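Asks: Take the two lone chains, each set in its own frame, and fit them into one complex as the hints suggest.
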Amino acid sequence: MTQTKNIRLCTFRLGEFSMALDVAGIQEVIRQQPLTPVPLANGLICGLMNLRGKVVMVIDLRKRFRISSRHESIAGTNIIFKKADGIVSFLVDEVDDVLNLQENAIDPPPAIMDEVARELVRGTVQLPRKLLLVLDGAKCANVSAMNNVLRSGFQNKQTQNQRTVLADKKDLKA
Amino acid sequence: MSDNDEFIREFLEESSENLDLLDQDFVALESNPDDEERLANVFRTIHTIKGTSGFFNFSKLGAIAHAGENLLGLLRDGTLWLDQEITSALLQCVDSIREVLTQIEQTGAEGSGDYRALNERLTLLAKKQQAPRPSEPIHSDEASMVMENDTVGPDPVADSVIENQILQSQAKEPVELIPPVPTLLETEVVETSPPQEATSSGRETHATSAGGSVRVDVRMLDDLMSLVGELVLARNQLLQFSTTIQDRNYQSVTQRVNQITSDLQEGIMKTRMQPIGSMWSKFPRVVRDLAVSCKKEVRLVMEGQDTELDRTLLEAIKDPLTHLIRNSIDHGIETPEQRRRIGKNPEGTLLLRSFHEGGLVNIEITDDGGGISVERVRDRALRQGILTPEQSHRWNSDELVQLIFRPGFSTAEQVSDVSGRGVGMDVVRTNIERIGGSIELKNHPGHGTTVSVKIPLTLAIIPAMMVTCCNQSFAIPQASVVELLSLCRGESKRFIETIHETPVVRLRGQILPLVVLAEQLQLCEARDMRDSILAQETVEVIVLQADQLRFGLVVDSIRNAEEIVVKPLDPLIGALRVYSGATIMGDGNVTLILDITGIASRCISDADLKHVSDAVTQPQPTESTTVLADASLLLCSIDHETYIAIPLDQIRRLEEIGFRDLERSASGDVVQCRGEILPIVHLGRALGRNTASSRPANESRPLPVIVSMTSGKEIGLVVDRILDVVSCPTANRTSLSTPGLLGQAIINNRVTDIVDIPRLLNQRVMT
Chain P
1 MTQTKNIRLC TFRLGEFSMA LDVAGIQEVI RQQPLTPVPL ANGLICGLMN
51 LRGKVVMVID LRKRFRISSR HESIAGTNII FKKADGIVSF LVDEVDDVLN
101 LQENAIDPPP AIMDEVAREL VRGTVQLPRK LLLVLDGAKC ANVSAMNNVL
151 RSGFQNKQTQ NQRTVLADKK DLKA
Chain G
1001 MSDNDEFIRE FLEESSENLD LLDQDFVALE SNPDDEERLA NVFRTIHTIK
1051 GTSGFFNFSK LGAIAHAGEN LLGLLRDGTL WLDQEITSAL LQCVDSIREV
1101 LTQIEQTGAE GSGDYRALNE RLTLLAKKQQ APRPSEPIHS DEASMVMEND
1151 TVGPDPVADS VIENQILQSQ AKEPVELIPP VPTLLETEVV ETSPPQEATS
1201 SGRETHATSA GGSVRVDVRM LDDLMSLVGE LVLARNQLLQ FSTTIQDRNY
1251 QSVTQRVNQI TSDLQEGIMK TRMQPIGSMW SKFPRVVRDL AVSCKKEVRL
1301 VMEGQDTELD RTLLEAIKDP LTHLIRNSID HGIETPEQRR RIGKNPEGTL
1351 LLRSFHEGGL VNIEITDDGG GISVERVRDR ALRQGILTPE QSHRWNSDEL
1401 VQLIFRPGFS TAEQVSDVSG RGVGMDVVRT NIERIGGSIE LKNHPGHGTT
1451 VSVKIPLTLA IIPAMMVTCC NQSFAIPQAS VVELLSLCRG ESKRFIETIH
1501 ETPVVRLRGQ ILPLVVLAEQ LQLCEARDMR DSILAQETVE VIVLQADQLR
1551 FGLVVDSIRN AEEIVVKPLD PLIGALRVYS GATIMGDGNV TLILDITGIA
1601 SRCISDADLK HVSDAVTQPQ PTESTTVLAD ASLLLCSIDH ETYIAIPLDQ
1651 IRRLEEIGFR DLERSASGDV VQCRGEILPI VHLGRALGRN TASSRPANES
1701 RPLPVIVSMT SGKEIGLVVD RILDVVSCPT ANRTSLSTPG LLGQAIINNR
1751 VTDIVDIPRL LNQRVMT
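Protein chains in written order, with my numbering: chain P, 1 to 174; chain G, 1001 to 1767.
Isolated chain G (complex conformation) (with noise of 0.2 Å):
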C-alpha cells in the first residue's frame, strides 16, 4: 500500500510540474502552430498522464487524458490545424487533470467532478470539418518575438517546481495543519540552467532532478541568513580588536576571515532572491485567456526577467501585478476594430519590464491602449463624491487621473468580469505600499498608460525610528509615523489638554489624542506618572497612522532611524499584539519592535480615549487627512522681512547643518548628509529675493534645511528661519502667474508667497 502511495505521489509531483508547462506551450503553440517539437511535448505529456492513470486506475483522469490526446493526434498529425477553440478546450482539459489531480493529493480519490461536458467537446472538435488554416499564419512574426523572449526567460523547469512546490503546501495544510505562513513555503535554489534543458530532453526525466538543484525550507535559509548576520557582528568586533594588536599573522587572518564573512553575507542574500521572471511565466496564458475573453488582440512582451528580488516579495506582488494587466487589457488595450480606426495596428502591446534602480526593484506596465479619459475620471469622481467642485477645477490632468488609487473607483462604463467593480487599483496600492513599495501612473491620453511599481528588494529588512521609553529602546516602523513634534515647556503648557481624562493636543486645528508609551507598557507604576512625563521641559511626541486612528505617542527621546533587520518573536509575546517583532542592533543587544495597531486598539478598548478618538475620527475620517494636508504650509523667513511658505506635502523632512559643512561641487552647493550627497538650493537666490550674500552674520548658528523630492531625487532648500507650520484655507490664496510660485495668502497679518518648489527647481534647471 504504501509503495503505491510512494509512486502516485511521485506521479503528482511530475505531472503537475509538466501541466505547469504545458500552459506555456498551449499558448506559443497558438501563435507559432508549426513548432512541431512543442506539439510532441504536449501530446507526450498527456500521454504519458493518460497512461499513469490507467495504471493506478484513475478511470475519470484516464477519460479527460484520453479525450485529450485524441485530438491533439489529430493535431501532430496534421489533419487539424490549432485554432483558438481548440486551444481553449485543451486548456481547459490541462485545468481540469490538474483539478483531479489536486484531489487525488487532498484526498486520495478522484473527487465528485463531473468533465463529461469536457470530454464531448474535445471529442466533438476531433471530428469538427475545420476550416482550411490560412496559408500565413498572422501572427507570425510577432509570435516569434514573443517566443524568444519566453525562452530567453529563467528556467521554466525551476519554475514549474516552485510552482509545484506552493501547490502541494497548500494541498497539504488542511491534512498537516500548518497555518499559512508564507515562508512555510519551501524554494527551491536553482542554478539558473540552459533554456534548451526545458525543451524534450529534459522534460522527460524527473524535472527535479535536473540541474544539480536541492530543495531548501525557507527557514533553513532564514537561519543561515541570522547565523551570518551573527558573524557579520563577530567579525566586526574582531576588526576592532586587530587594531590593538600587532602580530601580523594574525592581521592576516583576521582579513580572511572578513572577506570570507562578507562572501558567505552576499551568498546568503543570493540564495532567497529569485528572479522574477520566475513568477511572470504565468503572464503569457493570463494575457491570452483574457485577451481572448474580451475580444482583443495583444502581445505580451517581456524585458527584465532576471531582476532578482526576495521570494517573499515576489509572492506579495504576483496578486497586484496581475490585477494591473487584467486592467490593462480590459481598459486599456481597444478591440481590433477601433484600433484600426485611429491607424494603430490592431494588435496591442503590453509590455512589462523590470530593473533595478537606487536599491529598488522598478517595474513597469505600459500598454499602448487609450489611456485615461481624464474627463471621466473627473465626472466620475465628481458624480462619487470623491472630487469636490472646487478640486476639480484646481487639479491638473496628472492629479485627477491619480484618483483612480481611491476606494470605490472605476471609470468602466460597465462591470465586466474581469474588472470594474472599484475594488481594484486601491487594493492594489495598498498590497503595494504594504510590502513598502510605491505605485505611480503615467497617463499619455490616446497612446496608453505606464505604471511603475517600486518595490524594496527585500522585506526582512525595514526602515525604523528608534525611540527610548525609561531606558528602553524601542523600534517604530517609519511605514505609520507621520511627523515628529516636540513640544517645549512653554507650548507644552499652552498645547496638552484634557478631554475626558485623556491628554491631548491640537495639531493644526485638529485634535490629536496621546498615548505615553511609558504608561501603556506600564514602565512606570503609579498613574500620575503621566502628568510627571506630560509636565516634562520637552515632550516627544511621534504622530502615528493605525488604521482609522491618528495619535500621538510619548516617549522619552526619539534616537535615530535605522535601517533595522526584523525576526520573529515567539507566539507567546506576538499574542500580546503590543510587540511585531523584534531586531538585533549592532552591540548584539534585542530591541522590541512596536505594533503600532495593537497598541492603538489597546488604547481603542480604553473608554476615555475612544470618545476623543470617536470626536477626532468623526468629520470625515479618510476626508479629514487630504484636507489638512491641502491646507498645511510650512512658513518659513529666507530674509529677515520676507516670509514664504511651502505645501507640507513637498517637504520629506527638515534637517540642521553648520554653515561649514557646505561643499563646493561643480554642480552647486552640496552637503553630506546621512552618507549621501544632498544638493543645496539657496531658497532667497532662488527665489531672487536675496541678492546679498548667503553668508550668514553668525556662521555658528546652524541652517535649517528643508528636504524636498524633485524628480525622484532629494534636494535640501536653505530658508533663513523655519517659523511654525500653519493651516491655510485655500480659499485665502489667490493664485497667481509667477512662476514657482502656487499664490499668495495672507498668514499672521503678512502677505506670503506660498512656493511650489518642483516647479522653482525645474524652472531653475531650465535656465
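The following block holds chain P by itself, in its conformation from the complex (with noise of 0.2 Å):
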C-alpha cells in the first residue's frame, strides 16, 4: 500500500557515486562552515559547527562509507538531517537535484553489498546513466560505536581495514 506514496529524494555526490536522502528528513543544505574538532570522539564525525547559534555536530559520509578522504579542492556541503534527537549534519561532496519519484521504484539493496554499507542504504534507485544508493538518514546518523573505535587506538584504524565498498559497488554497476 506504500507503493504507491510519492518520494522526494534530495540527491548529492560522495566520490564517484551518487546517493540519497529522502527530503522529508532534512532540514536544510548549507556549504561547508569552519568546523572544530572533537579530540576521542569517533573518527567519523569530522566536527562540531556553528549553525545559526546552534552547535551542530558534523558526520562525514565519506568517511561512513569508507571512502577515501575528500581531496582539499572539494569545497564540501553540509546536509543538516533530522534526527531523533535533534540536528545533524552529513557532510558530502556536492549537492545535486531533488527528484520526484513513486515508493515502488526504490529496489532493495543488493545482497553482493558491504555489510556496512547495506546497514546504511534503503534501497537503489535504477537511473537511466547511473545508480542511486537512498539513504537510511537515522542510521547514518547513528554512530555510537565510537567507543569501539576508541578502544581500538581511535586514531583512524578504518584506513587499515578498507575492505573497500568501492570494488563490490564497482561489480553492482557493471
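Hints in this document: simulated from the structure, not taken from any laboratory. The model shown is predicted, which means the values in this text are computed figures rather than measured ones. A few of these clues could be false.
Derived lysine-lysine pairs resembling DSBU-like cross-links, with alpha carbons at most 35 Å apart [what the hints assert, rightly or not]:
hint: 1; chain 1: P; residue 1: Lys82; chain 2: G; residue 2: Lys1270
hint: 2; chain 1: G; residue 1: Lys1318; chain 2: G; residue 2: Lys1442
hint: 3; chain 1: G; residue 1: Lys1270; chain 2: P; residue 2: Lys83
Replies: As C-alpha cells, this is what we get:
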C-alpha cells in the first residue's frame, strides 16, 4: 500500500557515487562551515559547526562509507538532517538535485554490497545513467559505536581495514 | 471515547489550577475568617469538582469533595467558623483531591487510595459543637498585612498555571518516557495582569485563557535566544563593515538594525525571566503547616516578589529556600511562651526579601528568633570532630557559625520530622554553589539570623577560563579552577617528579598529580610527547578541583577569563564524558567546554594515577584543603627590607599594572582593570612603613597588585614584589595586638608580619 506513495529525494555526490536522502528528513543544505574538531570522538565525526547559534555535530559521510577522504579542492556541503533527538549534519561532496518518484521505484539493496554499506542503504534507484543509493538517514546518523573505535586506538584505523565498499559497488555498476 | 478524554483532560487542568489557588486562600482565610468572598470562591471550586466528578463517575473524588463541600457550606452560612482544626482538615481534603486527580491523569482511574478516614473527619467536624468564636480575631491586623503582601505579589493565575504545567509534565513522564530534563518543562509567558483578575471573576473561566497569554516550550525560547545571539554577531560584523562605507542611507539602515537587534536581545532575555514571587506563592502554606506542626506562631512577610530571574534558576533554588525557611521556623523562632517570657511579640516574623544588586539576585531570609548559639555550635563541632580545640580558640564567632555549613553538622537537640538530621545546610550550600551562587549567614544571638543567598541572573552564561592545547581552544568552567601555576624551566626541573609513571609536582607540601591535556585528548600521538611537553621552557598548569580529586591540568597556554554562553552538545558527544558543552566565540567558531569531573574520572581509571591520587587524598581527604588554606601565605615585600605575608584565602587574584595606568580620583588612586574601576591601596603606606615616595625607581617595571575583597568590593593592594607562596604552620605564628596584623612568623629565617587585609582596610576607612 505504501508502494504508490510519492517520495522526494535529495540527491548528492560522494566520491564517484550518487546517493540520496528523503527530503522530508532534511532541514536545510548549507555550504561547508569552519569546523571545530572533537578530540577522542569517533573518527566519523569530523567536528562541530555553528549553525546560526546552534552547535551541530558533523558526520563525514565519506568516512561513514569508507571512501578515501575528500580532496582539498572539493568544498563540501552540509546536509542538515533531523534525527530523533536533534539535528546532525552530513558532510557530502556536492548536492545535485531533488527527484520526484514513486516509492516502488526503490529496489532493495543488492545482496553483494558490503555489510556496512548495506546497513546504511535503504535501497537503490536505477536511473538512466547511474545507480542511486538511497540512504537511511537515521542509521547514518547513529555513530554511537564511537567507544569501540576509541578502545582500538582511536586514530583512523579504518584506513587499515579498508575492505573497500568501492570494489563491491563497482561490481554492482558493471 | 476520545471526546470524553478531552473533557477529562480539561477538567484535570482546570481543577489543579484552582486547587493551587485554594492553598493560598485557606492560609489567608485562617488568619482572616471574615473574607466572605474568598470563602465563596473556595466553596465554588470544591463544588465544581464535586459536580464534574459525578458527571465522569469518579465516585471517590465525589465523596471527598462532597464531605469538604458540606463543611464549607456550614462555614459559609456562619454556622461554623474556620479554626485551625477545620483548616487543617480542609487542606488535607485539597491534598487528597490533588492525589486522586494525579492518579486519574496518570492511569485514567481513581487509584486505590483510601480516603474514608478523611471523609469521616470532615463529617465529624461538620457536626462538631464548636467553641464560640472569639469576638476579635487575634491576628487580624497582621493578617491583613500578610494579605496585602499576598495580593501585591505576582499574578496567582500565572503561578498556578505554571505549577499545573509542571505537575502535568511530571505526570506524563512515565507514559511518554520523556527524560526528566528541567528544560523540557513548558513555561508560561504571561503578561502580568492585575491581581484582581485572580479573585472571583477570573476564577470560574478557564484560567489559561485569561490575560491573553500563550504557553511556550522553554526549548523554543532557547532556540530564539541562540538565534538572537547569532544576530548580534552578524550585527557586529555589519557595524564593522559600515565604517568603511560612506553612504548615508546605508549608515542609517545599519543603525536601525543595530537598535532593533539590541531591543530584540533584551526582549528575548526577558521572556526567560520570571518574578521570584511565582515560586514564593507556595511559601505561605509551607510556613503555616510548619508553624502548626512546631506549635509556633509565625508571620510571613515577603518583599520584592517582582525581582526577576531565569526560570531554570527559579527551579533550582526552590528546595534550598524551602529548607532555609524550615530551619528558621524549626530552630530559629521560639515558642510563643518563650517569646513572651523574653518580652518579644509571641508571633515570630519571617521576612523574605529579594532584590537585584551588582548583577546578582539577592535573597534574604530573616527571622527574629533566638539566633544561633555560638557556644552550642562550638561544643557540637568539637564533639563531632569537625573542629580542633586549637581552632576553637582562634576562630571568632562569625567563623564558628559558618560551621553549620559543614557536612554532618546539626545543633538541633533532637531530630524532628522537620529538620535536625544534619544533612541540611551543607546540601543547601552545595545546591546554591552548583548554580554559581553563594550563601552567607549573619547571626545576631538573641535577635535572630539572616541568611543571604546570592545567585546569578541566568545559568546559561558562566565564567570560564580559555586555554589552548595543540592550537585548539578549550573552555574550563571557573567553578572548578583552584589556581593557576606557571612552572618555569629551572623550577619545573626541580618540581616535576614522577611517581608510578605519573608526573607530579609538589605544591606547598602537597603532591599534585599532573594531567597533560594533549595526552588525555590524544591530540598528540607519541607517548614521549608528554615528556617533551613537560620539558618545555614554561609549563602552564591549571589546578582543578573535581569532587575529591585535585589535579593539575597541563595546557599549552592560558589565554583569558571570559563569560561564555553554554550550548548543549549532541548526546553522542556528551557520552564521551570529556566535554560538558560547547560555546560559540566572538568570531563564530565553536569551542568545547571541558568536563572536569569527567576528565578526572578518566584519569583515575588510569591505574597509575589512581595510586598517586590515593596517596594525595588519603590523609584526611576533606580536611587537607582547609588545613592548607589556613596555613598558606603569600610572601611579598613592601620595600627592600620589609617582608610581609598575606593569608591566601584573603586574596582573589594577582594582577600587574603599569605605573602609568594609575589614575588619581577624589577617593584615592584607582586603576582600570577588566572594564571596572579598581581602587588601589599602597600597602606599604597603609602599614605606615613606607613614607618615602611611592614612585618606584624604574617606572617601566609593572607594579604587582594583589586583588582582595573587602565588604563585598574588590580592592587592589600594591606591593613592591611578590616573592612566593609559603606554608607556615599556625603554631609558628605569634599573636600580636597591633591592629591590621594577624601576627608574626619566621619565614625563610626572617621575621615576617602577617597582614589581615579586611581589618587593615577597615581601620584605614575609620581614620
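Asks: Confirm or reject each hint.
Replies: The hints, checked one at a time:
1. P:Lys82 x G:Lys1270: At roughly 29 Å apart (the allowed maximum being 35 Å), lysine 1270 of chain G and lysine 82 of chain P satisfy the hint.
2. G:Lys1318 x G:Lys1442: Given that 35 Å is the threshold and the Cα spacing comes to 21 Å, the pair holds.
3. G:Lys1270 x P:Lys83: Roughly 31 Å between the alpha carbons, so the hint for lysine 1270 of chain G and lysine 83 of chain P holds.
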